[in-house]
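Peer 1: Chains as they are written, first to last, in the numbering used here: chain E, 1 to 328; chain H, 1001 to 1326; chain U, 2001 to 2290.
Incorrect hints may have been included.
Stated by the list, open to error - Derived, one-sided and incomplete: chain H residues facing chain E with beta-carbon distance under 10 Å:
id: 1; residue: 1058
id: 2; residue: 1061
id: 3; residue: 1192
id: 4; residue: 1215
id: 5; residue: 1245
id: 6; residue: 1247
id: 7; residue: 1283
id: 8; residue: 1286
As the list claims (entries may be wrong) - Rough simulated footprint, nothing fancy, chain U against chain E, three-plus residues with beta-carbon under 8 Å:
id: 9; segment: 54-65
id: 10; segment: 98-107
id: 11; segment: 118-131
By construction, these hints were calculated from the structure, which means they are not laboratory data.
All figures in this text were calculated on a predicted structure; none of them were measured in a lab.
Cβ atoms here follow ideal geometry from the backbone N, Cα and C, with glycine treated the same way.
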Amino acid sequence: MQDTLLQVRNLKKYFPVKKEGYFQPQKYVKAVDDVSFDIHRGEIVGLVGESGSGKTTVGKTILNLIEATGGSVRFEDRVLFDVEAGKKMKRDELELLRQSMQMVFQDPYASLDPRMNVERIITEGIVKFRTCPKADIHKKAVELMAECGLDAACLQKYPHQFSGGQRQRIGIARAISLEPKLIICDEPTAALDVSIQSQVLNLMLELREKHSMSYLFISHNLGIVQHFCNRVCVMYLGSIVEIADASQLFTNCAHPYTAALLEATPSVKEPKTQGRILLTGEIPSPASPPTGCKFHPRCSKAMDLCAKETPALKDIGGGHLTACHLCC
Amino acid sequence: MSNILLETKDLRVCFKSDASVVRAADGVSFQVERGKVLGIVGESGSGKSVTSLSVMRLIPKPNGYIEGGQILFHGEDLLRKSEKEMRRIRGNKIAMIFQEPMSSLNPVFKIGEQLGEALKLHQGISGKENRRRCMEMLELVRIADPKKMLDRYPHELSGGMRQRVMIAMAILCDPELMIADEPTTALDVTIQAQILQLLRDLQKKREMSIMFITHDLGVIAEIADRVAVMYAGRIVEEAEVSTLLRSPLHPYTRGLIDAIPENYDPKFGFRSIPGMQPSAQNMPQGCSFAPRCAYACSECGRAVPELVEIQPGHTVRCILGGKGGM
Amino acid sequence: MKKDTDNGTVSLGSIAWRRFRKNKLAMFGVVVIALLILMSVCAPVLTTYGRDDIDLYNIEAAPNSDHLLGTDELGRDVLTRLLYGGRVSLTVGLLASVFEIIIGVSVGAIAGFYGGKVDSLIMRITDVIMCFPFFVVAIALAAMIGPSMMNLIFIIAILEWTKIARIVRAEVLSIKERDFIQAARSMGLSKMEIIIKHVLPNTFASIMVFATLAIANGILTEAALSFLGLGVRPPQPSWGNMLSAAQSMRVLQYEWWMWIPQGFLVFITVISINFLGDGLRDALDPKLKI
Chain E
1 MQDTLLQVRN LKKYFPVKKE GYFQPQKYVK AVDDVSFDIH RGEIVGLVGE
51 SGSGKTTVGK TILNLIEATG GSVRFEDRVL FDVEAGKKMK RDELELLRQS
101 MQMVFQDPYA SLDPRMNVER IITEGIVKFR TCPKADIHKK AVELMAECGL
151 DAACLQKYPH QFSGGQRQRI GIARAISLEP KLIICDEPTA ALDVSIQSQV
201 LNLMLELREK HSMSYLFISH NLGIVQHFCN RVCVMYLGSI VEIADASQLF
251 TNCAHPYTAA LLEATPSVKE PKTQGRILLT GEIPSPASPP TGCKFHPRCS
301 KAMDLCAKET PALKDIGGGH LTACHLCC
Chain H
1001 MSNILLETKD LRVCFKSDAS VVRAADGVSF QVERGKVLGI VGESGSGKSV
1051 TSLSVMRLIP KPNGYIEGGQ ILFHGEDLLR KSEKEMRRIR GNKIAMIFQE
1101 PMSSLNPVFK IGEQLGEALK LHQGISGKEN RRRCMEMLEL VRIADPKKML
1151 DRYPHELSGG MRQRVMIAMA ILCDPELMIA DEPTTALDVT IQAQILQLLR
1201 DLQKKREMSI MFITHDLGVI AEIADRVAVM YAGRIVEEAE VSTLLRSPLH
1251 PYTRGLIDAI PENYDPKFGF RSIPGMQPSA QNMPQGCSFA PRCAYACSEC
1301 GRAVPELVEI QPGHTVRCIL GGKGGM
Chain U
2001 MKKDTDNGTV SLGSIAWRRF RKNKLAMFGV VVIALLILMS VCAPVLTTYG
2051 RDDIDLYNIE AAPNSDHLLG TDELGRDVLT RLLYGGRVSL TVGLLASVFE
2101 IIIGVSVGAI AGFYGGKVDS LIMRITDVIM CFPFFVVAIA LAAMIGPSMM
2151 NLIFIIAILE WTKIARIVRA EVLSIKERDF IQAARSMGLS KMEIIIKHVL
2201 PNTFASIMVF ATLAIANGIL TEAALSFLGL GVRPPQPSWG NMLSAAQSMR
2251 VLQYEWWMWI PQGFLVFITV ISINFLGDGL RDALDPKLKI
């Protein structure tokens, strides 16, 4: 049995919507609706989905940057929060735990404080938690820079003097400065050019190897996820529709949505200009999701049952989970 | 009649900043054939958007200006046209769609009003006929309920719907050339696939030419007939799409193709091009790709290589003339 | 731009200073303010007369070689009193603005960062204070607690901090949503640490700009209240209470030295500070385009 690092159970996040009339019942956008998954030690788990699928909200809720509406998150043997049981980690304990869970953001321009120089940015956590003696902080900063492929001579520079790829490296240096066990990566390469993107991905792989970390890799790019992640969760409208090993998912996916996503991804190897099966329509608003299986209005294989009953996430063998009536 | 609809010759576009002048596009020459799709691919800062804007003569003034070269549309130089003549061409003969459809639609007018106005302005059609034509266009871009769509405001639409409306607006006057500047970059893959298919169908049906600008080679593979690769303000390689993807000759093109996650190779991991694109202020001497190039030799630093035709229809700007890429 | 990347380290301050220097009006403002401060600080050196030296033989004398700007109704040297008066005006402006910023920034930052009920409560209070007609309340307060320099500063600060609070709150609201704040939170920083280390430094530019304008405003308010006899109490001179001589028709018509230099100093100070503020706004632009 693998060693579980992070355990997410029935995670829910509902955002209240503005009421239309005073006496109308309060409506909610179910951004994350009953999401459960595990991350094992040393594993890279991908979380894919289109915009509005709630993948970023999952990441932020796990880190407690957004307060969850329901469900629980355990990290190692500690409970971060369990809404149903009314358990919540104390603030100082949570601040300590944050050392072990870090985040890398999508937009390298917005995620660095423009009024701090690089040294202050990447040593902020070290200074706060005094993880190394004061005299060694500068040495540690130089080490971090070298590790992330940055010139240590740039420590006194400010974020605006760097390119997008370099800024993302700074963001990664900051994330690993406290030697975390888990990093939540929210589309870390989406804002970068293709030729730079691979540099950052390789750096992340290298660092994971060296520090034996786990990643939760949030992305919409299936091409990256396929080769970067060990396991992949596919999200649609706030719910996970399929979880499988990366190799399994990309050769033998079970859920029609995953299939459609793969089909729609443009390819240079075999361009599909004609005759591809396209998904019709768009993602419905999460404020009024369809009944039953949320995907059924766009699904080519939908049956009567799909509109009535929400399929549960079931194991179809070998840790391959899917939520579809067709597969069970 | 010549088969070439649009041709640029040695186009040079500059931007002034406080102290210096920066050349964003340097000697860009390409041809768009009638009824064909030319893809222009490049990373941010490669000058691909500047090139497309200059065809429309929409370079932001006063800091940007076209330093020299020619833009021939039907053999006539667009750079010599007056602003008034350009206005007649824009939207009418050459239409443009952008990456962010929200900012190109006026938020305070209904979709029907915006479409109708464009039609009235360019073709003088008004009244019931105007409305009928607008609905027809919306139907053409596969909007389910065109009548209802006419009375909606841009903010009520999703990104994909807005891009459809923009496309409807672009083809309203039956343009001969459509310039699409990263039209699917802001969209999800499933929506992107729909839009690409729509563009392809429309282009076939109306025998329109498209100049398609993107950073995504996968998208190029699906939509373009020919493709020009831009790097640091210059075209470094141009060929038919299948040729370019199968046997790229320029080391940069090769690197770009290898860097696509789809081409992941367990032997090498994710492949990347070392270093980064030089900024326009400190352009290296000679070949601008040389500092990142694995095949660079001392001669690369001497002069900017010329675009050489290696095989019919396949040109490359590299002194190795293709030996480096293979 | 090239130079920066090559040289490596360019602090944000030096970038701002380089841009500020290019702005001629702002530089003019700095020079004028510096001169005024210098002159009022060095007043005892610059003049041979004492601040309150009465010379009954020379009452309301026109400017002459002994008294460069003439004398007032008690025969005191006007130039001397102007120099000493500058101390009062500038002190009132500076201190009032400092107090406004201390109150306004802390209240605004707390309202913006904590949001929710705290925010609504604080914002309603500022709304109420902003609804007061400034001069009526200021006059009433001055009448109640008595006219003096410190009281004047207190009155201005207590009535004017709401503006800076609103500006800071709006800034904080937009900064709060940026990713680097989320990054700091996931780093384990507490709310207070985030406010002090990340939020406030990013509002620095607007605070600085507001501060300069608040100084100008303080000087004007001081002049106005002192003119009405509710500010600095004679014999201590301030530009405002010296101007109150101009309440007399005779002075206005025949004795220009009793009010034109005073008025001119208020004018030149306020306009210099405003130039300075505009220059700062451009130089500290947080977009940091170099």
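Peer 1: All hints, please: hold or fail.
Peer 2: Against the structure, the hints:
1. 1058: 24 Å, violated
2. 1061: 26 Å, violated
3. 1192: With a minimum Cβ separation of about 7 Å from chain E (threshold 10 Å), the hint on residue 1192/H holds.
4. 1215: OK, holds: residue 1215/H within 10 Å of chain E, min 7 Å.
5. 1245: Hint on residue 1245/H: holds, closest Cβ of chain E at ~5 Å, below 10 Å.
6. 1247: Nearest chain E Cβ about 13 Å off; hint violated.
7. 1283: 15 Å, violated
8. 1286: 20 Å, violated
9. 54-65: holds (count 3)
10. 98-107: This one holds; 8 residues, not fewer than the three required, reach chain U with a Cβ under 8 Å.
11. 118-131: Result for this restraint: holds, n = 4.
Hints 1, 2, 6, 7, 8 from the list above are not met by this structure, while the remaining hints are.
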